[in-house]
Amino acid sequence: MASNGCPFATLIIFFFFFLLLLGFSSASNGVLLELSNGPTDRRLLQTKTSCPIDFEHQNYTIITSQCKGPDYNSTSCCNAYKQFSCPFTTELNDPSNSCSDSMFSYINLRGGYYPGLFGTLCQGSKDGISCPALPPKSDNYSSNAAHVGRRFSPPLIVFSFTLGVLCL
Numbered sequence: 003m004a005s006n007g008c009p010f011a012t013l014i015i016f017f018f019f020f021l022l023l024l025g026f027s028s029a030s031n032g033v034l035l036e037l038s039n040g041p042t043d044r045r046l047l048q049t050k051t052s053c054p055i056d057f058e059h060q061n062y063t064i065i066t067s068q069c070k071g072p073d074y075n076s077t078s079c080c081n082a083y084k085q086f087s088c089p090f091t092t093e094l095n096d097p098s099n100s101c102s103d104s105m106f107s108y109i110n111l112r113g114g115y116y117p118g119l120f121g122t123l124c125q126g127s128k129d130g131i132s133c134p135a136l137p138p139k140s141d142n143y144s145s146n147a148a149h150v151g152r153r154f155s156p157p158l159i160v161f162s163f164t165l166g167v168l169c170l
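All letters in the sequence shown, in the order written, are residues 3 to 170 by our numbering.
Note that these hints are calculated values from the structure, not bench results.
Among the hints, a few may not be true.
DSSO-like, lysine-lysine: derived pairs with alpha carbons at most 27 Å apart [what the hints assert, rightly or not]:
| hint | residue 1 | residue 2 |
| --- | --- | --- |
| 1 | Lys-128 | Lys-50 |
| 2 | Lys-84 | Lys-128 |
| 3 | Lys-50 | Lys-84 |
| 4 | Lys-70 | Lys-84 |
Construct all of the structure, not just a fragment, from the sequences and the given hints.
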């Protein structure tokens with residue numbers, strides 16, 4: 003007998019496991035997940051600190067209005083990238099925090115760019131992309147500065163995707 007959709011009991015079981023997995027993911031501080039960053043990274047005792055800049059709520063129209071595909075112009079894209087990222091140079095160049103990961107995630111999310119676009123288009127010197135000298139900024143990055151939101155664990159994402167596929 004073929005069923006239409008998910009039976010109620012199956013949904014209850016999946017919901018229970020979802021809550022269980024959610025509990026495990028929120029209890030983890032991400033130390034073990036950081037081990038997969040590469041063969042030369044040793045992050046077990048050297049976890050990255052959270053970024054002091056709230057990249058989720060930044061204004062990305064500087065980039066999205068000037069860097070448009072499908073044929074991305076390197077001059078306009080790199081100039082837009084510099085306008086956006088140069089005010090955060092100190093934080094982005096600090097390898098002990100997650101600022102660069104957060105910023106690129108939100109740039110790709112807001113603009114629909116593929117990962118590595120700006121690294122491919124914007125070639126700087128061996129020290130990276132040069133930024134013009136900026137006036138010193140205050141400790142307040144924005145009026146609503148906060149830590150970047152919670153990071154969801156990959157098992158939770160896989161489980162949620164699997165649940166969605168099973169219910170189709």
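Structure-based check of each hint:
no., hint, in the structure
1, Lys-128 x Lys-50, "holds (24 Å)"
2, Lys-84 x Lys-128, "holds (17 Å)"
3, Lys-50 x Lys-84, "holds (24 Å)"
4, Lys-70 x Lys-84, "holds (16 Å)"
Comparing the model with each numbered hint stated earlier shows that all of them hold.
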